[in-house]
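Trainee: The residues making up each chain are set out below.
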Amino acid sequence: KQEVTQIPAALSVPEGENLVLNCSFTDSAIYNLQWFRQDPGKGLTSLLLIQSSQREQTSGRLNASLDKSSGRSTLYIAASQPGDSATYLCAVRRNTGKLIFGQGTTLQVKP
Amino acid sequence: DTGVSQDPRHKITKRGQNVTFRCDPISEHNRLYWYRQTLGQGPEFLTYFQNEAQLEKSRLLSDRFSAERPKGSFSTLEIQRTEQGDSAMYLCASSLVGARSGNQPQHFGDGTRLSIL
Chain A
1 KQEVTQIPAA LSVPEGENLV LNCSFTDSAI YNLQWFRQDP GKGLTSLLLI
51 QSSQREQTSG RLNASLDKSS GRSTLYIAAS QPGDSATYLC AVRRNTGKLI
101 FGQGTTLQVK P
Chain B
1 DTGVSQDPRH KITKRGQNVT FRCDPISEHN RLYWYRQTLG QGPEFLTYFQ
51 NEAQLEKSRL LSDRFSAERP KGSFSTLEIQ RTEQGDSAMY LCASSLVGAR
101 SGNQPQHFGD GTRLSIL
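Residue numbers (the numbering used here), protein chains in the order written: chain A, 1 to 111; chain B, 1 to 117.
If you are wondering where the hints come from, they were derived from the structure by calculation, not from laboratory data.
Do not take every clue at face value.
Okay, derived cross-link-like pairs now, SDA-like style, lysine to any residue, Cα gap no bigger than 25 Å in a straight line [unchecked claim]:
| hint | chain 1 | residue 1 | chain 2 | residue 2 |
| --- | --- | --- | --- | --- |
| 1 | A | 42 | B | 13 |
| 2 | B | 71 | B | 104 |
| 3 | B | 57 | A | 17 |
| 4 | B | 57 | B | 113 |
| 5 | A | 42 | B | 114 |
| 6 | B | 71 | B | 58 |
| 7 | A | 42 | B | 8 |
| 8 | B | 11 | A | 39 |
Here's a subset of chain A near chain B, in silico, CB distances under 8 Å, partners left out [claimed, not checked]:
| hint | residue |
| --- | --- |
| 9 | 34 |
| 10 | 44 |
| 11 | 85 |
| 12 | 89 |
| 13 | 99 |
To give an idea of the chain B side of the interface with chain A (calculated C-beta under 7 Å), a few residues [what the hints assert, rightly or not]:
| hint | residue |
| --- | --- |
| 14 | 7 |
| 15 | 39 |
| 16 | 42 |
| 17 | 74 |
| 18 | 108 |
| 19 | 111 |
Every residue, glycine too, gets a C-beta built ideally from N, C-alpha and C.
Only chain A is shown next, with the shape it has when bound in the complex (with noise of 0.2 Å):
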């Protein structure tokens, strides 16, 4: 049975900072692997999407990173902002089309 985990549960650091989110999963046979931002009361925004067979996906200050063969995949988020913060949801997909979500990251950016 897959399983997703997120470590850490909840991450405060002040303005400016890079940091980084942390994804684990227990099957390495994913088709792929999406990250999620989630406001509170809202739902999911979809950030970056990594194919199994892709290392890596950029977009402006995002950076995510898969390791298929040791069950991994991080977040880096670079000269973080207040408006960053958020949930953030990792989610691995297997062949038959669902999401297998964490329990994700809460990130709070202090100005």
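For chain A, the structure is supplied; the task is to place chain B on it using the hints.
Mentor: The following block gives chain B in isolation, referenced to the frame of chain A:
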């Protein structure tokens, strides 16, 4: 691109009542997914459709739950005889999957928050 739309945004009802939620996916998307999220947890998969065919259902989807996508466009999720444990955010997502489009990300709506009194 108007995004994934869900209605209603909030639903408060008494235990034992039936409720129905609606999801309108992004228009060209052929796949539609339902997830449930409780406070402090990541979303959990419930079911998904490719066009009008329901291809997979989670064990979380008891016989009180039914989902439809009759014309391959919008979908409804009905919960009969609601229980306290049904209180959650119900999220809908859609994506485009196919030989030409490859494997696109899932896009989520803002969800329907269900509260059972």
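Trainee: Now look at each hint and say whether the structure bears it out.
Mentor: Consistency of the hints with the structure:
no.: 1; hint: 42(A) to 13(B); verdict: 21 Å, holds
no.: 2; hint: 71(B) to 104(B); verdict: 22 Å, holds
no.: 3; hint: 57(B) to 17(A); verdict: 42 Å, violated
no.: 4; hint: 57(B) to 113(B); verdict: 21 Å, holds
no.: 5; hint: 42(A) to 114(B); verdict: 14 Å, holds
no.: 6; hint: 71(B) to 58(B); verdict: 22 Å, holds
no.: 7; hint: 42(A) to 8(B); verdict: 13 Å, holds
no.: 8; hint: 11(B) to 39(A); verdict: 20 Å, holds
no.: 9; hint: 34; verdict: 6 Å, holds
no.: 10; hint: 44; verdict: 4 Å, holds
no.: 11; hint: 85; verdict: 17 Å, violated
no.: 12; hint: 89; verdict: 5 Å, holds
no.: 13; hint: 99; verdict: 6 Å, holds
no.: 14; hint: 7; verdict: 13 Å, violated
no.: 15; hint: 39; verdict: 11 Å, violated
no.: 16; hint: 42; verdict: 3 Å, holds
no.: 17; hint: 74; verdict: 17 Å, violated
no.: 18; hint: 108; verdict: 4 Å, holds
no.: 19; hint: 111; verdict: 5 Å, holds
Hint compliance for this structure: hints 3, 11, 14, 15, 17 are not met, and every other hint is.
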